[in-house]
Amino acid sequence: ESISKQATEIWISKIQVNKPAVLRRAEQIQARRPVKKEWQAAWLLKAVTCIDLTTLSGDDTASNIQRLCYKAKYPIREDLLKALNMHDKGITTAAVCVYPARVCDAVRALKAAGCDIPVASVATGFPAAQTHLKTRLEEIRLAVEDGATEIDVVINRTLVLTGQWKALYDEIRQFRKACGEAHLKTILATGELGSLTNVYKASMIAMMAGSDFIKTSTGKETVNATFPVAIVMLRAIRDFFWKTGNKVGFKPAGGIRSAKDSLVWLSLIKEELGDEWMKPELFRIGASTLLADIERQIYHHVTGRYAAYHDLPMS
Amino acid sequence: MAATRTASRACEIFTTLEYGPAPESHACALAWLDTQDRHLGHYVNGQWLKPEHRSSVPCQDPITGENLASCLQAQSEDVAAAVEAARASLENWSTQPGAIRAQHLTRLAKVIQKHQRLLWTLESLVTGRAVREVRDRDVPLAQQLLQYHAVQAHTQEEALAGWEPMGVGSLDSSVLNYLLPPGCTVVVLVPPASPTPLLLAQLAGELGPFPGILNVISGPASLGPVLAAQPGVQKVAFCGAIEEGRALRRTLAGWVPELGLALGAESLLLLTEVADVDSAVEGIVDAAWSDRSPGGLRLLIQEAVWDETMRRLQERMGRLRCGHGLDGAVDMGARGAAARDLAQRYVSEAQSQGAQVFQAGSEPSDSPFFPPTLVSDLPPASPCTQAEVPWPLVVASPFRTAKEALAVANGTPRGGSASVWSERLGQALELAYGLQVGTVWINAHGLRDPAVPMGGCKESGSSWHGGQDVSNHLPAWGEGGFWAGAALTHPHPSSSCSPAPPYGLFVGGRFQAPGARSSRPIRDSQGSLQGYVAEGGAKDIRGAVEAAHQAAPGWMSQSPAARAALLWALAAALQRREPNLVSRLERHGVELKVAKAEVELSVKRLRAWGARVQAQGCALQVAELRGPVLRLREPLGVLAIVCPDEWPLLAFVSLLAPALAHGNTVVLVPSGACPIPALEVCQPVDMLTMPLCLSPHQGSQFVEWASAGNLKPVWVNRGCPRAWDQEAEGAGPELGRRAARTKALWLPMGD
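So the protein lines, in turn, are chains L and E.
Oh and the first sequence: position 297 is 297 in full-length UniProt numbering, straight run, nothing missing.
Oh and the second sequence: position 515 is 515 in full-length UniProt numbering, straight run, nothing missing.
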């Protein structure tokens, strides 16, 4: 509340991001921290607990939402977890992420499954945010009313590309208010921001306006969660923490499909922010098919064989 | 049971989220050592040489101390055998057409590719370096270098037509890539207990048709001079410590082989207030704590971002991982007791001089590892600041302005590589141009590519290799270089008079009387007196060098067009004085026809160099880098040139013109026997930048010996006259190459 316009300017005005150097770092991080054997299994399970299991399709209906919710509750086959002695650790995905109109279905299905996995809803004219502010705010309120406890809002790219940082700050403040108790995850749609410097500035503004998470992308842009963008956002999170003492979470989304990728994401978090960020409260992965690959890898770790697709339950 | 254990570990790791070991198997390296019964000798002429009655040293894993193999130490007979093998294969190898050599080198590159796992595990095992650097950088680079120079061997056939291939002795394996393509053969002397070059030689030897082109012997550095003294060795390249290089320079003074030095390992990083600090911190990690560079890093940080940088740097250091080199998730391995002790000594000394030392994690004193270390607040005048920063230390000091940064950065005798971190293009370029180093990266550190020449200046040595200049095997020279003709002929006594030649020392654009106020008679070929010239002394030389230094910045900043104009004006003046000069030469005993030709050729030379001034440097495009690499040609500064006695006018002009064309200022001693034509040239042109004075001749050997003091590169004729009237020797590219130094400037782009 207390952050004034002046602060908005000061915190983002002097920032420098060097793209070639960030690209090199992104390349290095993928080759520098291999995680093998038991470590891999444990890390993959950690990745599972950080997944926002997502379906954002035009053809979503109550039935596939229900399947998704059950998969969220039982992400890994019970016997595999038992073999790892992890069956009683309450391993579920972090949340289920759907369109606003499907929130009711998800809430109902999860209630039926008897678990308290939060339902996340995208909002504010997802994915383009090219609707009136009034309807965007109304969208948030309705989703919260329907029982969503996490709201993934998209920012207005127009404001970023035209340098209206104060206006962006004000808009996200309004999103924040509309969310009430619900967590606010702010999607920066980094594929459409033009430069890494803009990514840093937008991250900082989103955090200053009170976001609980900043998220890379909607999954609908041509470029989604990439490591260079993530590095810039994580550095912004660290800077914000050093300035204010507030820990803001990070959520990459879009294009994360392989178990190996999820390990790199975890090690990236560990390297840039530290262990305290490697938990669902501060790290999420927005994904739909990733879970299937992780389950396959765990199957391989436990049995020494690769699973056929019919060996593992679908979502 | 095993399943339960696994399970409990997984459960535990799930909470701690620690990294596990990611060991790379070294079975293949051990298997290769077993093929030699864990007993390594030398690899000469395509086969192993394991002479009896030699002492051997153990090759140990620097981390576990486990004995891996024993390595024989070479003695002079072994060195002689290796050089003999190289000489024997020289004839065959050098007479092959470039295409055949290219083919062979390509095959060698392929062999490296096929055996890369063996190469990287062996190298990481015995050196203790992080396997990831060896695997992802060194081995691919070695392969690319061979590939690149194979292409050079193919394409530069014509350019190298006039070159005598050199039988070669080298003290480090990394140089061999530049020598084989133009048809040289190589003897490499590696420090004891370094099996990787031996493996490489074996792989090359097994290729077949040219077994003797690469010979590797292992032995102490004291064998260097022995190797260099072998008949047939034409060039010695040395990579290593500065003091060793200095000693070698002294020992080899006046000997036949060319000596190329690539010394020291310290690098420099310059961080301005308009930099992306987080990325710069990664640059520091790349430079000092990722097992990439053999040495430490000097870090200059602008005061405005000092605190911020320190905080980020220390935070980052906490995340670095030390461990067994063969672990794929480790940033830094160990490098043996000697390196650790050196680092420890430096740290203790710095602390005693009041420095702050920050180490991420502490290692017990008996541990083979040394933690990443950041030294700050080291007073600039303390002895530690003067010494070379050892691995794995970073010594940070603040600066206030870009101008001060340049002064501090250039204020060390080292001139290897540096990086500049700034988002302001103008500032970054100004710093990059101003740094006296061989390589500058902008907003990056430690990039390499076979197409970009590598080298240094000042005490980092003057050996350049790589890139298009295959002929770079000849050392270029650094600031205050010295060209000397050493043939010393005494004037014959006799007497007679003639029109008075110009008298005095030409310093700072005008003639002045010598300090000693004494003169020397110059006589013609019949022994009759031609006139007197001023006899310069040490004091005059000092004055001349001072004047040259004063003129240097002005001349250096002249546009190429202005430099060309001056050379052309000089040519015109020479032409006007042709009759006079011809008669002077004639009186010196030169035939009329020859004298006329000499003057004409001198005029032509001046014009030619004037025209060539424009062709400076170029931009290179390299793989894996978006953006250009600029290959700059920078003036060396003040050159001292002592002209030989042959072709008194032509040699003088041929030496002077390239030096001036490249923006150097010159202190020039004309031919001792016949200095008058040179003085005639000076007279008509008002040239502030060409001080000239006379001094006694110096011998080649003395010049080379003396250069060891500050490792100024020198170029001497060793008493052998050059054919100055021939285009290749009198105006060839070699002169241009020696008149300027190269700088590679990396400019990554992207926003």
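These aren't lab readings, by the way, just hints derived from the structure by calculation.
What you are looking at is a predicted structure, and each value in this text was computed from that prediction instead of being measured.
Some clues are possibly wrong.
What the hints assert, rightly or not - Below are the EDC-like pairs computed for lysine to aspartate or glutamate, each with C-alpha atoms no more than 20 Å apart in a straight line:
(1) L:LYS14 <-> E:ASP307
(2) L:LYS14 <-> E:GLU535
(3) L:LYS19 <-> E:ASP751
(4) L:LYS279 <-> E:GLU84
(5) L:LYS177 <-> L:ASP116
(6) L:LYS89 <-> E:GLU12
(7) L:LYS243 <-> E:GLU315
(8) L:LYS82 <-> E:GLU12
(9) L:LYS243 <-> E:ASP307
(10) L:LYS279 <-> E:GLU363
(11) L:LYS89 <-> L:GLU281
(12) L:LYS19 <-> E:GLU423
(13) L:LYS36 <-> E:GLU18
(14) E:LYS596 <-> E:GLU586
(15) L:LYS14 <-> E:GLU273
(16) E:LYS50 <-> E:GLU84
(17) L:LYS19 <-> E:GLU624
(18) L:LYS37 <-> E:GLU18
(19) L:LYS89 <-> E:GLU586
(20) L:LYS220 <-> L:ASP60
(21) L:LYS243 <-> L:GLU276
(22) L:LYS37 <-> L:GLU9
(23) L:LYS19 <-> E:GLU273
(24) L:LYS14 <-> E:GLU624
Unchecked claim - Across the chosen pairs, the derived CB separations fall in these ranges:
(25) E:SER559 <-> L:THR131: 53 to 61 Å
(26) E:THR155 <-> L:THR303: 51 to 59 Å
(27) E:GLY318 <-> L:TYR306: 51 to 59 Å
All residues carry an ideal CB built from backbone N, CA and C; glycine is no exception.
Now for the hints, and whether the structure bears them out:
| no. | hint | result |
| --- | --- | --- |
| 1 | L:LYS14 <-> E:ASP307 | holds, 16 Å |
| 2 | L:LYS14 <-> E:GLU535 | violated, 63 Å |
| 3 | L:LYS19 <-> E:ASP751 | holds, 5 Å |
| 4 | L:LYS279 <-> E:GLU84 | violated, 67 Å |
| 5 | L:LYS177 <-> L:ASP116 | violated, 24 Å |
| 6 | L:LYS89 <-> E:GLU12 | holds, 12 Å |
| 7 | L:LYS243 <-> E:GLU315 | holds, 15 Å |
| 8 | L:LYS82 <-> E:GLU12 | holds, 15 Å |
| 9 | L:LYS243 <-> E:ASP307 | holds, 14 Å |
| 10 | L:LYS279 <-> E:GLU363 | violated, 30 Å |
| 11 | L:LYS89 <-> L:GLU281 | holds, 16 Å |
| 12 | L:LYS19 <-> E:GLU423 | holds, 10 Å |
| 13 | L:LYS36 <-> E:GLU18 | holds, 11 Å |
| 14 | E:LYS596 <-> E:GLU586 | holds, 9 Å |
| 15 | L:LYS14 <-> E:GLU273 | holds, 10 Å |
| 16 | E:LYS50 <-> E:GLU84 | holds, 16 Å |
| 17 | L:LYS19 <-> E:GLU624 | holds, 14 Å |
| 18 | L:LYS37 <-> E:GLU18 | holds, 13 Å |
| 19 | L:LYS89 <-> E:GLU586 | violated, 104 Å |
| 20 | L:LYS220 <-> L:ASP60 | holds, 16 Å |
| 21 | L:LYS243 <-> L:GLU276 | holds, 17 Å |
| 22 | L:LYS37 <-> L:GLU9 | violated, 48 Å |
| 23 | L:LYS19 <-> E:GLU273 | holds, 17 Å |
| 24 | L:LYS14 <-> E:GLU624 | violated, 30 Å |
| 25 | E:SER559 <-> L:THR131: 53 to 61 Å | holds, 60 Å |
| 26 | E:THR155 <-> L:THR303: 51 to 59 Å | holds, 56 Å |
| 27 | E:GLY318 <-> L:TYR306: 51 to 59 Å | violated, 38 Å |
In this structure, the earlier hints numbered 2, 4, 5, 10, 19, 22, 24, 27 are contradicted, and the remaining ones agree with it.
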